[in-house]
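All chains should be built: construct the whole structure from the sequences, respecting the hints.
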Amino acid sequence: MIEKREFYINGAWVSPSKARDCEVIDPSTEEACAVISLGSSEDTDKAVAAAKAAFDSWSRTDPETRLGYVKKIREVYAERAEDMAQAISLEMGAPIAMSRSSQVTSGTWHIDNFITAFKDIEFIRPLGSHAPNDRIAMEPIGVVGLITPWNWPMNQVTLKVIPALLAGCTMVLKPSEVAPLSSIVFAEIVHAAGVPAGVFNLVNGDGVGVGTDLSTHKDVEMISFTGSARAGAAISKAAADTFKRVCLELGGKGANVIFADADAKAVERGVRHCFNNTGQSCNAPTRMLVERPVYDQAVEKAIEVAASTKVGSSHDEGNHIGPVVSAAQFDKIQGLIQTGIDEGARLVAGGTGRPEGFNRGYFVRPTIFADVTNDMTIAREEIFGPVLSIIPFDNEEHAVEIANDTIYGLTNYVQSQDGAKRNRMARRLRSGMVEMNGKSRGAGSPFGGVKASGRAREGGVWGIEEFLEAKAISGWDSDVN
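Counted from 1, the sequence shown has number 472 at position 472 by full-length UniProt numbering; the numbering is strictly sequential.
FYI, nobody ran anything at the bench for these hints, they're computed from the structure.
Careful: at least some of the hints might be erroneous.
[As the list claims (entries may be wrong)] Calculated pairs, DSBU-like style, for lysine-lysine (alpha carbon to alpha carbon, straight line, at most 35 Å): (1) 471 / 71; (2) 218 / 451; (3) 218 / 52; (4) 52 / 237; (5) 71 / 218; (6) 119 / 439; (7) 119 / 218; (8) 119 / 451; (9) 71 / 439; (10) 52 / 119; (11) 71 / 52; (12) 421 / 439; (13) 237 / 332; (14) 72 / 18.
[Said to hold, decoys possible] Pairwise CB distance ranges (calculated): (15) 20 / 97: 34 to 42 Å; (16) 17 / 78: 30 to 38 Å; (17) 219 / 265: 45 to 53 Å; (18) 71 / 341: 50 to 58 Å; (19) 241 / 194: 35 to 43 Å; (20) 356 / 319: 14 to 22 Å; (21) 481 / 41: 42 to 50 Å; (22) 237 / 116: 31 to 39 Å; (23) 20 / 356: 36 to 44 Å; (24) 346 / 192: 50 to 58 Å.
This structure is a prediction, so every number in the text was calculated from the model and none was measured.
Even for Gly, the Cβ is constructed at its ideal location relative to N, Cα and C.
If you want it as structure tokens, here you go:
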């Protein structure tokens, strides 16, 4: 059992005002691996008060000073990489090799990219040559509440904390109560980097408690949330009375459009991407749309890839997928797989129940459905597990129609050797991101969606500017530095 840590408020670890303990469950064993305290409204108030008191001085620091602290965080983060990998693997079930190579390094990647992007932020900008004495001042919005999920813990923590620090905001982080251990390690990193007291604060809690307290708090100017569309809608409503800025990065139901002229690795690449992180990624390509001339061949290839996908404990070395995060998530996925069967989709790999050889742990069989229609539940709902739906299409127009027929709009994918076709598809697909032929987005590219996937744009210059607001100033003396 991991040693219990309390809340990080005003530069120190403090005990909660009211002890309400919550067990953290190892999804590979279904056993408790740690105990945390869930915060009360009083704990949230203390953290917000600390952030508010620190805001004036922190917001007025020289940008280079703030950059220096972030560079120190990056240095300490690298030193604590193995501790971070072990925490993530234990709390949410990422296999330890994947935790080291992808989960931890996603945080490193974002910190590095924000350091690079920061040089392009102009905090005092001229309006234009037509108004030589007008300036636009980009100023930190104030105290921000950061609410992060369990599936890619450091990916989301660094996408929020680092740009908020660089912008000059102070903050209260509420990580998921399901997977809080990595954020506790991150708080230790921030402390070791010497970030001034009150600038960064951490309060563990659930959405109904601390999440709601932050969303309604009169001294919190902004909420940045990553999670489900249902929770995002609740936060937006809760925040409305205090006129907060609300930035939401929500779910997805990505379409992976595979044309007949796609490269030979397109189907395998798509299946493995869907199963990555045991399917627990909002940008997973969970709907594979395949042009009819190559449809049967694609289904057979997908079956082959599913059969070769190994499942194992998060504690075991090697290349495999781990368990899903919790009993609730396991039960939800099992129910949706059964719904797919009941609604007439053709189950070609996997199915309900645990994989052979497992009688405990939240392990799910890598599952593929063929002959799915876009009105089926498994094509509409975000399953968040290793479950792929394969849907045939007739032509480009038909593919666009199916891909856009969803409440979500996070990431879509296109596989074709025809550059003109790819470009047309990229412009017509209704999503915040489009990735084609296996090419990942470049450093500094914004991450975010449209529709029920939220409207946030995290990463790079866009990610920093989400924590800034524009002030129009006229009569500026341009002769004074």
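Structure-based check of all given hints:
Taken as a hint, the residue 471 and residue 71 pair is honoured in the structure, with Cα atoms around 28 Å apart against an allowance of 35 Å. Using a Cα cut-off of 35 Å, the hinted pair residue 218 and residue 451 holds, with the two alpha carbons roughly 28 Å apart. Using a Cα cut-off of 35 Å, the hinted pair residue 218 and residue 52 holds, with the two alpha carbons roughly 11 Å apart. Distance check on the hinted pair: residue 52 and residue 237 sit about 23 Å apart at the alpha-carbon level, within 35 Å; holds.
With a C-alpha separation of about 32 Å, the suggested pair residue 71 and residue 218 falls inside the 35 Å cut-off, and the hint holds. Proximity of residue 119 to residue 439 is assessed by CA-CA distance (about 26 Å); at most 35 Å being required, the pair is judged to hold. With a C-alpha separation of about 33 Å, the suggested pair residue 119 and residue 218 falls inside the 35 Å cut-off, and the hint holds. Under the criterion of a C-alpha separation no larger than 35 Å, the hint pairing residue 119 with residue 451 is consistent with the structure, at around 31 Å.
For the hint pairing residue 71 with residue 439, the CA-to-CA distance comes to about 29 Å; that is within 35 Å, so the pair holds. With a C-alpha separation of about 27 Å, the suggested pairing of residue 52 with residue 119 holds against the 35 Å cut-off. Our distance criterion of 35 Å between C-alpha atoms is met by residue 71 and residue 52, whose separation comes to about 24 Å. Straight-line distance between C-alpha atoms of residue 421 and residue 439 comes to about 16 Å, which keeps the hinted pair within the 35 Å bound.
For the hint pairing residue 237 with residue 332, the CA-to-CA distance comes to about 26 Å; that is within 35 Å, so the pair holds. Under the criterion of a C-alpha separation no larger than 35 Å, the hint pairing residue 72 with residue 18 is consistent with the structure, at around 34 Å. Roughly 35 Å separates the CB atoms of residue 20 and residue 97, a value that falls within the hinted 34 to 42 Å. In this structure the hint that residue 17 and residue 78 lie 30 to 38 Å apart at CB holds, the actual value being about 35 Å.
With their beta carbons about 52 Å apart, residue 219 and residue 265 fall inside the hinted range of 45 to 53 Å. The supplied range of 50 to 58 Å is met by residue 71 and residue 341, whose beta-carbon atoms lie about 53 Å from each other. For residue 241 and residue 194, the Cβ-Cβ distance of about 37 Å falls inside the hinted range of 35 to 43 Å, so the restraint holds. Taken as a hint, the range 14 to 22 Å holds for the pair residue 356 and residue 319, whose Cβ atoms sit roughly 19 Å apart.
For the pair residue 481 and residue 41, the beta carbons lie near 46 Å from each other, so the given range of 42 to 50 Å is met. In this structure, residue 237 and residue 116 meet the distance hint of 31 to 39 Å, their C-beta atoms being roughly 37 Å apart. Between residue 20 and residue 356, the C-beta spacing of about 40 Å keeps the proposed range 36 to 44 Å intact. For the hinted restraint 50 to 58 Å between residue 346 and residue 192, the CB-CB distance of approximately 54 Å keeps it satisfied.
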